[in-house]
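Enquirer: Chain by chain, the residues:
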Amino acid sequence: MTIHDIKELLDARVCCGEEILNRSILSACASDMMSDVLAFAKNQAILVTGLMNPQVIRTAEMMDMKCIVFVRSKMPSDEMVNLAESCSIVLLSTDMLMFETCGVLFTKGLIGKGDTQ
Amino acid sequence: MSEELKFTYNVDGEDFNSAGQASVSVKKNLRQLGIDPEIIRKVSIAMYEGEINMVIHAHGGTADVFVDDEKIGIVLSDKGPGIADISKAMQEGYSTATDTVRALGFGAGMGLPNMKRYTDYMNIESQIGEGTTITMHVKYQ
Ligand SMILES: Nc1ncnc2c1ncn2[C@@H]1O[C@H](COP(=O)(O)OP(=O)(O)O)[C@@H](O)[C@H]1O
Ligand SMILES: [Mg+2]
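Protein sequence lines, in the order shown, are assigned to chains A and B. Quick note on numbering that gives the first Met the number 0: the first sequence kicks off at 0 and runs consecutively. Quick note on numbering that gives the first Met the number 0: the second sequence kicks off at 0 and runs consecutively.
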């Protein structure tokens, strides 16, 4: 699956990274606790979250993630967008809730176990 | 690399929004040096956890990163309140973080154990009322 496919499935807005939507994705993790992402995530390529602050972007960058999906229609600040651009991370925003977002992605084949590489 | 390289950062303790800036910058520098991505990942996660701790528990401090032939060293120093019981602080789930910090996505009590997990060496020196210095090494092999 590509980030572009994910954008379509979630009917999401692209906040940045339009030019890198063709990257492929195998796995995702979802959390509002960045502490848990840092402690438990293993090579997942997408972070699904309802949390809104620059640490979300930095956490994803530290974990080598490619894309962040913000749920519940939340839109990242300019500061967050600039940071994500500098780290080549795609930011998507969907109107779906966390549970629905995860359900859609899981049903369409994304796994919880990390991408290997 | 024959000479040791050193990067130094000030970690601002007053602005939570900027917390983690030093770690992002270190990650970029290490990538430019062509260091193995798995090593970079370990260094990044350990340093980021430590940097966040300096902001949420110790009003900021300094971060030094050393790169030599065998390892990457990280030294995080602050003049915060110090850690009363280090072995307790090292336990998974132990945290004195406030609800405000939790609402920002941190304070699950996994930071210090995570730093230990991702590094080959970790030492904590702490004096109550004086501050804390954490030294970590990640070896290439
Ligand atoms: N630099 C520091 N200065 C003072 N206390 C610290 C520092 N780093 C960690 N601590 C103490 O150790 C505890 C555990 O740290 P950690 O495992 O990172 O969990 P968390 O940051 O989620 O609380 C903290 O809640 C805090 O009481
Ligand atoms: Mg911590």
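Since the hints were derived computationally from the structure, they do not count as laboratory data. Keep in mind that the hints are not guaranteed to be accurate.
[To be verified] Stretches of chain B that chain A covers, calculated by requiring three or more beta carbons in the stretch to come under 8 Å of a beta carbon on chain A: (1) 14 to 25; (2) 34 to 45; (3) 66 to 78.
Even for Gly, the Cβ is constructed at its ideal location relative to N, Cα and C.
Enquirer: Taking the hints in turn, state whether each one holds.
Expert: Here is what the structure says about each hint:
As drawn, the stretch 14 to 25 of chain B meets chain A at 8 residues by the rule of a beta-carbon pair under 8 Å; at three or more, the given contact holds. With 4 residues having a Cβ less than 8 Å from any Cβ of chain A, the stretch 34 to 45 of chain B passes the three-residue criterion, so the hint holds. Counting residues of the stretch 66 to 78 of chain B whose C-beta sits closer than 8 Å to any C-beta of chain A gives 0, which falls short of three, so the coverage hint is violated.
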